[in-house]
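Student: Chain by chain, the residues:
2 protein chains.
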Amino acid sequence: MTHTVTAGIILIGDELLSGRTKDTNLSTIAKWLEPLGVQVMEARIIADDRSTIIETVRHFSAQFDYVFTTGGIGPTHDDITADCIASAFDRGISEREDAMAELRTRYSEEDLNAARRRMARIPDGASLIKNPVSQAPGFQTENVFTMAGVPSIMKGMLADIGHRIQGGAKVYSRTVLAEGIGEGDAAAPLAEIEKDYDGVSIGSYPFFNQNLTGVNFVVRGRDESVLDEVEAKLRTLANSLTS
Amino acid sequence: MTHTVTAGIILIGDELLSGRTKDTNLSTIAKWLEPLGVQVMEARIIADDRSTIIETVRHFSAQFDYVFTTGGIGPTHDDITADCIASAFDRGISEREDAMAELRTRYSEEDLNAARRRMARIPDGASLIKNPVSQAPGFQTENVFTMAGVPSIMKGMLADIGHRIQGGAKVYSRTVLAEGIGEGDAAAPLAEIEKDYDGVSIGSYPFFNQNLTGVNFVVRGRDESVLDEVEAKLRTLANSLTS
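From first to last, the protein sequence lines stand for chains A and B.
Just so we're aligned: 23 in the numbering used here is position 22 of the first sequence, and the numbers increase by one with no gaps anywhere.
Just so we're aligned: 3 in the numbering used here is position 2 of the second sequence, and the numbers increase by one with no gaps anywhere.
These aren't lab readings, by the way, just hints derived from the structure by calculation.
Check the hints yourself; a few may be wrong.
Identical copies look the same in the list; a pair holds intra-copy or inter-copy alike.
What the hints assert, rightly or not - In silico BS3-like pairs for lysine-lysine, Cα to Cα no more than 30 Å straight-line: (1) Lys23 to Lys131; (2) Lys196 to Lys156; (3) Lys23 to Lys196; (4) Lys156 to Lys234; (5) Lys23 to Lys171; (6) Lys23 to Lys234; (7) Lys171 to Lys156.
Please work from the sequences and hints to get the whole structure.
Tutor: Below you can see the structure in the form of structure tokens.
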């Protein structure tokens, strides 16, 4: 059995819990990790609360190979993620010259007020993550990557993280559409097919659009030739159910 | 100080962690809870994994006043949420006549195969939650509400939950837009304003649209007259920064 390389994602921000903002970062990070052979095992959406952030970071860092955090590294008083990461690893934190240099490529000395200089506070020993969108950097502390919450900035930071990831065997997936059926029609035969193949998981996802209902069968696994075989069986099943 | 009524949300499903599906249920539930005076403290997105579901449900049920789960109560072999909820509360689980009656309003006896009958498996002592969209019910076990993962069905179930919630003092919010500024311009004055008001929190949320950048200030609190006052200060601040 191949070792699974795992990740946990921590989405930080009161605005996600109030429903004001819908998270899209989880999906972006998970899809980006897939070709690297890293599987997201759990995600937590937590408030801008010091003890919750520290506990969650410690727990995830111990539990998973890689941890990604988003949110809370901006210039305002409720941006406390950097300080919490330092505390989680019992490290100091201070304004760092390498981070200030990044900020100076964007802001004039006049615009570099106390609030913006907070974005140059980096936990001791952490390495910077480049921010090609708005310069204020993210940072890596041990196996934890701390990124911005704004989706476009977060995406930009991923480009400077890929080379730091030691991935595993890639997981591939195939999707087969079965129009007009309900999940319950396919449940038993799907379970039968899954039983025949080790290391393969099959999910069924119903959809309800205005003009079309049906189920998507999604098979996932590491061996593409096995997936080809399973996909063929799923097509036969879909045809037999929809005809 | 008014007691805060709290909630935790558990989003269950491999498809959320793979990035295949973007969750919208958290935002729907949080916005629905807001006028009831219930605050979402944390959300976790977890896999269809027995021990993770059981542990998370136990932890959240002890930690928060109310818990909402979505996903994993359909007819397929990976729909294991109902069994996990029963285990989390050390209860038995069986096909229940009241749940079968709901299913019979939708399915003929012929269509009520073994897979679909699984949707009538309900933890002992749990009360049903009506599903006006596709009939297969959710259920309430102590302070845990177990709902479907499909957003339209989940929304339908909320209608049968509202009367079971003992809410707290409603939290109100006001939003003030400051066009063309950066978060760092407002950080210090925002912190000053927040310091002057107990029980009020102010967040700042930058946005970057094609033709417009700026920051939304969002103030939240329980006393509307205080919010009026803070909102006026935020407007003055926004005007002074953008002019």
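Student: Hint numbers the structure violates, sorted upward?
Tutor: 2, 4
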